[in-house]
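Participant: Below are the chains, spelled out letter by letter.
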Amino acid sequence: MILPRVVSAEWRKTVTLPASWTGAAVALLGSLLITMLNAYAVHADPGGRAFVAPLEIAFTAMPLGTVGATVIGVSVFSSEYTNDRRITTSLAAVPGRVLTLAAKAIVVVLFIAVVAAVTMPLTIGAARLVIGETVSVPEAVARCLGATLFWILSGLIALAITVFTRSGVVPLVVLIVNSSLVSFSLLLSKISSLGFWLPDMAGRRLFGGVQATEGGLGTVPGALVMAAWTVLLLAAATAVFNRRDA
Amino acid sequence: MISIDGLTKRHGGRTVLSNVTFRAEPGRVTAFLGPNAAGKSSTLRILLGLDRPTAGTALVGGRPYRSFREPLRTVGSMLGGSGAHRSHTARGHLRWVARSNGIPDRRVSEVLERVGLADTGRTRIGRFSLGMQQRLGLATALLGEPAVLVLDEPANGLDPEGVRWMRGLVRDHAAAGGTVLLSSHLMSEVAEVADDLVVIAAGRVVAGGPLTRITAGYATLEDAFFALTGTGGVR
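Respectively, the protein sequence lines represent chains U and A.
Quick note: the first sequence, position 182, residue 217 per my numbering, numbers continuous.
Quick note: the second sequence, position 122, residue 117 per my numbering, numbers continuous.
I should point out that these hints are in silico values taken from the structure, not numbers from a laboratory.
Treat the hints loosely; a few may be bogus.
[As the list claims (entries may be wrong)] A few chain U residues that face chain A, going by a derived Cβ cut-off under 10 angstroms, partial list only:
#, residue
1, Thr51
2, Asp119
3, Val129
4, Arg132
5, Ala138
6, Glu249
7, Leu252
8, Thr254
9, Arg279
10, Asp280
Each residue gets a CB set at the ideal place from its N, CA and C atoms; glycine is no exception.
Whenever a hint applies, use it, and build me the whole structure from the sequences.
Facilitator: Structure (structure tokens):
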């Protein structure tokens, strides 16, 4: 089998790339920092109206993980097109475009899964430690799995979009703004129900818990819609990558 | 053996290559000589499966490059510079390349030794000089112990000692039965190293054959080159 070998090569490329660790650090340290700040605010006023359960506190910080996943997804591809044009070496080594992109997608999935597996228990643990409430393990596990899926799909969408642009700048700016400051699909959902069908709005119930915005798709249909977007974008990216000169 | 047949490449309305045909034989160094933007790199990129031709074929041992499962074990290539991410070390870069083609890790140390980069340790490639980047590009090409070497302007950025070393390496490879195709715009360099010559200008092959035959009737390769390409031939 040639795929495991190519995945192994892509994995090595990714873990030796500083941008990958920037993405991991944003997800881990960012989530942890926000959680701690919010948890201390609750801790300071346990009887107050601001009381929120540890899980809710931890999951409020999860959009930062989406930012981290986006950085990882973008940089896995954009790193091929810096001044030194590593893409020529990559495609000389592995001429199959589908194989190359498949290996990159697998690495994005694995890397984000590892980041999620470290970040989420730590974040929930920190919130629990500060606030002192107990956490329902089954609920925590279900929500962590859902959020991990959301991060992974976000990372793959970022990867696919970067295939079109080659440079990482535009996808990074657009996707980070979208997942941290203003969600374009959230804005769209205010004026048209079409907004609920865009990837991030469709998948948002994967985080579980109370939603700030009512309406839209349920957890499972939403996840399927987000996954369908991911598959569609990756398929289009593969077609473009396959036809385009390196 | 490398065989290029009727290669044509158009970008929009612009014709970059027009019916380019030539061979590079085992045991010989074939130089691909032409002015800048004549189509040398375009030809090599198509040969390496990076770009698609509009028409024609480019084959290595009768096969298109993209059909090789472990291409680096047959063809080693260098297309200008290191082809590596600046944040990697030389060793880090070569290790992923080796892994992608199932090449044992020990080859990484061997080629680093061979190109004189064994002492670069943790230095990142972004801090390499042009010559060191060129040496790393060559190390990548040699990694899979390929029979065929395809080198685009290999002498670029090398100091005189480096140029001499490169010449020796290329000659040794051909002497051991390997095929070498190297592009250059430096006639002095080509005159020293090549057995066969393919001269390209404005996307067309204007002459091809043994070096001695092409330069026959001219005082120097330089004179032959200007006469054949019809460029800047101030005498």
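Participant: Decide, hint by hint, whether the structure agrees.
Facilitator: Hints, verified against the model:
no. : hint   : result
1   : Thr51  : holds (5 angstroms)
2   : Asp119 : holds (6 angstroms)
3   : Val129 : holds (5 angstroms)
4   : Arg132 : holds (9 angstroms)
5   : Ala138 : holds (9 angstroms)
6   : Glu249 : violated (45 angstroms)
7   : Leu252 : violated (40 angstroms)
8   : Thr254 : violated (39 angstroms)
9   : Arg279 : holds (9 angstroms)
10  : Asp280 : holds (4 angstroms)
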